[in-house]
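Spelled out from the first residue to the last, the chains are:
Number of protein chains: 2
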Amino acid sequence: MKFKLSILGSSGAMPFKDRYPTAQVLNVHEQLFLLDSGEGTQMRMSKFRVKRGKINHIFITHLHGDHIFGLPGLLTSFGMNYRTEALHIYSPPGLQQMIDGLFPDADKGPPFEIHYHELDTNAQELVFENKILTVHSIPLYHGIPCNGYLFQEKKLSRKMIREKIEEYSIPFPDIPSIKDGADWTDIDGNIIPNDELTTPAAEPRSYAFCTDTAYNENLIPIIEGVDLLYHEATFLHEDLDKAIKTNHTTALQAATLAKKAKVGKLIIGHYSARYEELDAHLAEARKVFPDTYLAYDGAVFEIAH
Amino acid sequence: MKFKLSILGSSGAMPFKDRYPTAQVLNVHEQLFLLDSGEGTQMRMSKFRVKRGKINHIFITHLHGDHIFGLPGLLTSFGMNYRTEALHIYSPPGLQQMIDGLFPDADKGPPFEIHYHELDTNAQELVFENKILTVHSIPLYHGIPCNGYLFQEKKLSRKMIREKIEEYSIPFPDIPSIKDGADWTDIDGNIIPNDELTTPAAEPRSYAFCTDTAYNENLIPIIEGVDLLYHEATFLHEDLDKAIKTNHTTALQAATLAKKAKVGKLIIGHYSARYEELDAHLAEARKVFPDTYLAYDGAVFEIAH
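Chains as they are written, first to last, in my numbering: chain A, 830 to 1134; chain R, 830 to 1134.
Pulled out of the complex, with its shape left as it was, chain A reads as follows (with noise of 0.2 Å):
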């Protein structure tokens, strides 16, 4: 079952050379979730076969171009490509107001049904959930409404050991509730205790994704122990001055944030243009918390069971 992050796009406001503008999909059993739609988002879905047609869901940190812009030229491919399901986008106000303003007759627009999500970016709260994943809202302070998204797998079921269903002989209908945890009894009533026919679930995972935002403490109880976090590092720490000005974060805050809220791993982006290399990025990051990656187009985190 997988639990894949795709990097469609790692710069920052402004695309440089191979870093596109924001975007991600993270893959959750197959299900594919698009996280910001900088410009070229479709593009870099084709270089990195995400199979888009999979997408049912969009998640908007906020409205700047540099996270929205490619979703226009998204939705009008969608369209082009005979989609019929509808389409859930979530996001602060304002959103579909932007978008139907690109495709003045209606008629003319993409034809399948999009459903806007305002989001309320001061609250934390449940805004998508499905029978494999939960996602809510994190509040980020970046000037403009905006909000992070935290993503949790639900409790995965325990694992059927095959050879006991032979042994017992155990009927299939059967076997969901011992997933589930129930013990089992047999035909002559004796009661085969769980655990000796399963064994215990993989815990399940989680993603925050933070960008764009300033340093805040604020986020640690809410993205604690997540195994992957995405966090912007716009500028590095040297550049502190610029980060606190346009609400950015440096490398050495979001490891700090990332050391302190115990998570698995961070991952770094949203590169400022200034910094063609990254490595000082990284090294930055790992003195503090030494789990950190850049983020790059094309890369892929996973975390398998």
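A couple of the hints might just be wrong.
Pairs count within a copy or across copies, as identical chains cannot be separated in the list.
[Stated by the list, open to error] Here are the simulated DSS-like pairs of lysine-lysine, each with C-alpha atoms no more than 30 Å apart in a straight line:
| hint | residue 1 | residue 2 |
| --- | --- | --- |
| 1 | Lys960 | Lys993 |
| 2 | Lys880 | Lys846 |
| 3 | Lys833 | Lys988 |
| 4 | Lys1074 | Lys1116 |
| 5 | Lys1089 | Lys831 |
| 6 | Lys846 | Lys876 |
| 7 | Lys1074 | Lys937 |
| 8 | Lys831 | Lys983 |
| 9 | Lys846 | Lys883 |
| 10 | Lys1071 | Lys937 |
| 11 | Lys833 | Lys846 |
| 12 | Lys1071 | Lys883 |
| 13 | Lys880 | Lys1071 |
Please keep in mind that the hints were generated in silico from the structure rather than gathered at the bench.
In this text, all values refer to a predicted model and were calculated from it rather than measured experimentally.
Given chain A, put chain R in place with the hints provided.
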């Protein structure tokens, strides 16, 4: 003196692999003119090393997304690059409203003046003129307001024969009028005829940009004899029914028009994503008009003197 066309995007409505949506840059004497601005234009400029700061005029054919969705990001990046010069954008009516809608906080939009020039797409009129060239609109037939553009270099000066300057000790202030064709009178009153001092001016060069459009012979008198014609060829002629239905052109039709208008060279592009390979487009067009070339992202077409 350059007259050079760079293709930034050669695809039709949907980007396909390495083919991005329509965008081109025409360099006339180091003045750069952007023609259409599909999604990813600014990334293509980086990749193909276009000096975007030299662009002060953008010519848009029509308001379909594959011709304009690169504009918001480009304008944003101009601003982040500290652009202060005014920018002129020529297009059918309605573009400003679309762009303004993407920058709802007036003070957060691009920090330079943008002059929108709305064109009457039914007229063939002078839309821009400076010392080196004129630009006329070309009515096109695409089912929505749409016009192409005809770039014509102005009459060039005759070329001074350098040795003659020395031989007759011609003062520099007299040279401009000689280049314009005047004879020259020396200190003793001897008239030196112009054709002893100069060689003829090179022929002014011209480029016609015709996309998107159905095949229409009304174009012929407008584009007759241009050195370089870009004409869309979205479909192969075996898909003529699709071309007619969508107000596009086939490769065969584009070549026919080039032949009838006696142009110098034809470039075809705006290919539908249904065609992975383009050999058939080229073969089909060359049967009718041998001097046909395929547009591809990164291609450069130069008319040298």
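Here is how each hint holds up against the structure:
1. Lys960 - Lys993: Result: close within a single copy only, 27 Å intra versus 87 Å inter.
2. Lys880 - Lys846: Classified as both; 25 Å inside a copy, 14 Å across copies.
3. Lys833 - Lys988: This pair counts as within: shortest intra-copy Cα distance 21 Å, inter-copy 65 Å.
4. Lys1074 - Lys1116: Within one copy only: 25 Å inside, 61 Å across.
5. Lys1089 - Lys831: within (27 Å within a copy, 59 Å between copies)
6. Lys846 - Lys876: The answer is both: 15 Å in one copy and 7 Å across copies each meet 30 Å.
7. Lys1074 - Lys937: between (41 Å within a copy, 15 Å between copies)
8. Lys831 - Lys983: within (13 Å within a copy, 62 Å between copies)
9. Lys846 - Lys883: both (29 Å within a copy, 19 Å between copies)
10. Lys1071 - Lys937: between (43 Å within a copy, 18 Å between copies)
11. Lys833 - Lys846: both (25 Å within a copy, 23 Å between copies)
12. Lys1071 - Lys883: between (39 Å within a copy, 28 Å between copies)
13. Lys880 - Lys1071: between (38 Å within a copy, 27 Å between copies)
The structure is consistent with each of the numbered hints, conforming to all of them.
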